[in-house]
Structures are given as C-alpha cells and as structure tokens.
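*Asks:* Taken in order, these protein sequences are the chains called A and B. Residue 1 is where the first sequence starts when you use this note's numbering, and the numbers rise one by one after that. Residue 1001 is where the second sequence starts when you use this note's numbering, and the numbers rise one by one after that.
It is possible that part of the hints are untrue.
Stated by the list, open to error - Quick list of in silico lysine-lysine cross-link-like pairs, BS3-like style, CA-CA up to 30 Å:
1. K1240/B to K1430/B
2. K1431/B to K75/A
3. K1152/B to K1140/B
4. K1152/B to K1196/B
5. K75/A to K1430/B
6. K75/A to K1348/B
7. K1140/B to K1117/B
8. K1302/B to K1196/B
9. K1236/B to K1430/B
Worth flagging that the hints you see were computed from the coordinates, not collected in a lab.
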Amino acid sequence: MTSVDEIVETLRGEVARAARVEPESISTGTDLVHDLGLGSVDLLNLVAFVEVTYAITIPDRELVSLTTIGRIASKIREQT
Amino acid sequence: MKVGFIAMSGVRVRTEELAALGVSLPGFVERGNVIASLPSLAGLILAALTPADVELEYLEADDIEKHGLRTDFDLVALSSFTAMAYECYALADRYRAAGIPVVIGGLHATLMPLEAKEHADAVCVGEGESLWPQILADAKAKKLQPYYLETKRGSYDVTTTPVPRFELLDLDRYNRVTVQTSRGCPLDCEFCAASKIFGAYRIKPVEQVMAEVDRVLEIWKRPFLELADDNTFVNKGWSKQFLREMVKRDVRWFTETDVSVADDPELLSLLADSGCQQVLIGLETLNPSSFDNLDRTDWKRKRFESYERAIDAIQSRGITVNGCFILGLDGDTPEVFDAVKSFVERVKLLEVQVTVLTPFPGTRLYDRLKAEGRLLQPEFWDRCTLFDVNFVPKRMSVDELEGGMRGLFRALYSEDALLSRKRHYVELRKKQLAGGVPA
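Here chain A stands alone, though its shape is the one from the complex:
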C-alpha cells in the first residue's frame, strides 16, 4: 500500500506542474484554487490523474470540491 507521504509527494509534484510553482511551496493545506490560482479545468485534470494513478473513482459530486492535496490524499487512502 502506498503511504500517505508518498501520495502527498506525488500530488505535490503534479499540482506544482499544473500551477507552475515550486513543489516546496505547496503544503497539504494549500488551497489549490485560492492560493495557487487553479481553475475548474485544472481540478478536473487533477482528478483524471488521480483516478488513473491510483485506480480509484472520485464521486462526481466531489469533482471540483477537493481543493487541497491533503483532502485528495485522504480520499485516495479511503479507496486504496
């Protein structure tokens, strides 16, 4: 099983690439929309990445509401 730390590191890299910032500047509580300026399409791209990487399905109602990597990591752990 992938550890939470490994999940967070993977997400941090992916979000940093999307937001064009240094990974070190992103914490588990950084708000992807308000702090990093990601848009709704970025969030959908992130969901696609997460679903492919961890073979899970994020419920449709949460497609654009998982706005910190901490919350996304928790969701991944729930399903893996």
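Dock chain B against chain A, hints included.
*Replies:* Okay, now just chain B, sitting in the frame of chain A:
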C-alpha cells in the same frame, strides 16, 4: 494635461426571469464572471499612444459608482458595447455637467455616431489608434472636433499597434488579461457587429503578438490570457508559428475560433502544448435551414456535419470547448430547444453558451429585421445583452422563444448537467493519460 480612460464592462440581463436564472445557475455564473472582469484593451492601447507629457489613468466604471465622480481630468475617454451605451451616455453627461470634455469611442459609438454625439464633445468613429493622436492634440488646444472619422473601415494597419500599457491595470482585480492577434473575421456573419466595423480580416505578425505576451509576463507571474480575437486560427500557417512561440512561454489562455481548428492534428497538438485551456466556437445552430444567410459564403452550413467529430477531437487533447448556439434564427421552430439539449448531452461539451439572436445596430441582421417590421422596439440598446428578445421570431412566438430559452438554461446549466459533462471530460483525459489519444 490629464486623461481618464473609463471602461464600461459587463452587462445586465433585463428580463427578470432570465436575470434570476443567471445568478443561480452555476455554469452561467462562471462565464459571466469572467466576461465582467475583463479589462478594456482599447484604453490600454490608446494609453500607449499617449505622449509621456500627458498624465493618464485607467478606471473601470465601477470605480466611479463606488468612489464618486473623479473630476481631476482634463479629458475623459469612454468606450462601451451596445448593452452599456445608456450607462456610458449617463456617465458622459455627468462629466460634461462638471465641465470636463468627453470623447466617446468604441463599437457602439462607431455604429451610432450621431446618437453618441448628443452626449460627447467628440466621437471617435472607427478604430481609435489612427485617430487618437489628433483627438489628444485638439483636446490640448481646446479645439475638439465633433467627429473624428477613420478614412475607410478596416484601413488601419494593425502591424503598427503599440504594446498596450498593461502596467496601468490593478492586476489584483482581473482574473484574465486580453491580448489581440487579429481583427475581424472572414466569415462576416449577418449578426456580427465586429465584422461590420473591422472590415477586412487583419492579422498581426507573430513577433508583434509575442512582444505583447512577453510584456504581460514581465508584470504578471502566472497570467491567464484571453485573446481578444473574433477568429484566431483562420490562417493555419500563421497559427502554427504562433503556437510554437506560445509553447515556449508559461501561459494559459483562451480564444475564439471555428471548427476547422480540428482538421489539423499538428495544430491541435500544438494548441494543447501551448497552454490553451479552452476554445470558444460559434456552432450557432443544429438546424440546416437556420444556416440560410448566416455567413457570407455558407461556410458554417458546409461544416455543420463535422461538429461532433471536431468537438471530440479538441476535447480529447485536454482543451475544453465552449460551444455557442444562437436561438431564434429564422429556421428555428420550438423544436430547437430539445435539439440543442440533446446535442450537448450527447457530445458532452464541457461548456455551452446559449444566446438569443440579437440585432445589434449597424448589422445586416438589424437592417433586415427592421425592413421586415420585426423589431419589437425602435431602440433597445440596454436589451442587447444576448439574452433579451428584441425581435419577432419567424417560426415561433416571442413567448415561445423566451420560455424555451429559460427551459434550456435550466437543463444545460444545472448542477447535475454540469457534473455529467465534467465526468465525461475526466474520462477523456484519463484515456489520454493512458495513451489512448495523441497528446
């Protein structure tokens, strides 16, 4: 001398029931907020053509509403779209009452110069770049002329346009900034006011556009650009050259184009690699008879059958499509609402924009509907919002058009409908990530 450029942004839907839907439907609110917060490129370009000894300031009309009339200007320059014309005139009247000369320009004033002159000391008729230096010189000498006229529509050489003064913007209040690559559109649709004003389709050299993009990058760390074009990728050779340059920059951006962008896989791949997030495409209608007289060469009718394939090809690359439909075209019957709904549900456009046919003054559409006695009022500029009905449709009543549109809004912009389209987009992206679709 001190000049104030005042931009009039955003529109308010007048029909109460539609206005209520507009603030409650999630999909409708998102795009509305973006449009309302775009800065005025015209003001920034004219600022760049203003000599250094002239002090200038860029303001939004909201600033006046919030903080009161600023009277420390020697000249006020106003520009507005048709829907904001009355508000523009009211502001102009206040400035003139305060003893400050006013010049009005822009799309509406160019189409209705006599009307604009009733509220201004001078009207700039046509593209402002070639007229602004003279306006400024005359204002300095306190000898403003009533009208400043472009010699011939579309004659301005866009390759001489300076880099806009983006640094005048308070960047914290905008979520996008505009850059322009071209003016006009060769399709010259009957309803389009921009085609009427801009005349011939003119394009800037790629290096000129990139100088503007690079200027934005100097002052904005992670910009989102909205190209202020009517149809960006008309010239495919230019488009690839432009996109190769955009690939080298760290920007995200949005533009308007047509379905032909999906014909060329290389172009699509460059588009995806360049940071393009969304293209807005005027699909206009799904009803073959509604294409009658729509554009000059019947181009859109010829491309109608490729819509679905084109949308899928673009969205598969991770570029979302905002598909636009016009309701109330002459071929439209009450069946049009279900047809659009079914198409959007089947094709899963991530975003969709549904508007009502709007006879903007100065367009061929306005002249035709007026000649046919089908305009509901002789003057209705504040209802030129793209959502208020101002004419008698040919194959349905006004009530049927308004009611059908409200029903379609509820169906397309509800949370469930949005989630369904978002899920489809995620599945497309997953296929791409898994290697099923070329990146």
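*Asks:* Does each hint fit the structure? Answer for all of them.
*Replies:* Okay, the hints, checked on the actual structure:
| no. | hint | verdict |
| --- | --- | --- |
| 1 | K1240/B to K1430/B | holds (27 Å) |
| 2 | K1431/B to K75/A | holds (22 Å) |
| 3 | K1152/B to K1140/B | holds (26 Å) |
| 4 | K1152/B to K1196/B | holds (12 Å) |
| 5 | K75/A to K1430/B | holds (18 Å) |
| 6 | K75/A to K1348/B | holds (26 Å) |
| 7 | K1140/B to K1117/B | holds (20 Å) |
| 8 | K1302/B to K1196/B | holds (23 Å) |
| 9 | K1236/B to K1430/B | holds (29 Å) |
Checked against the numbered hints above, the structure violates none of them.
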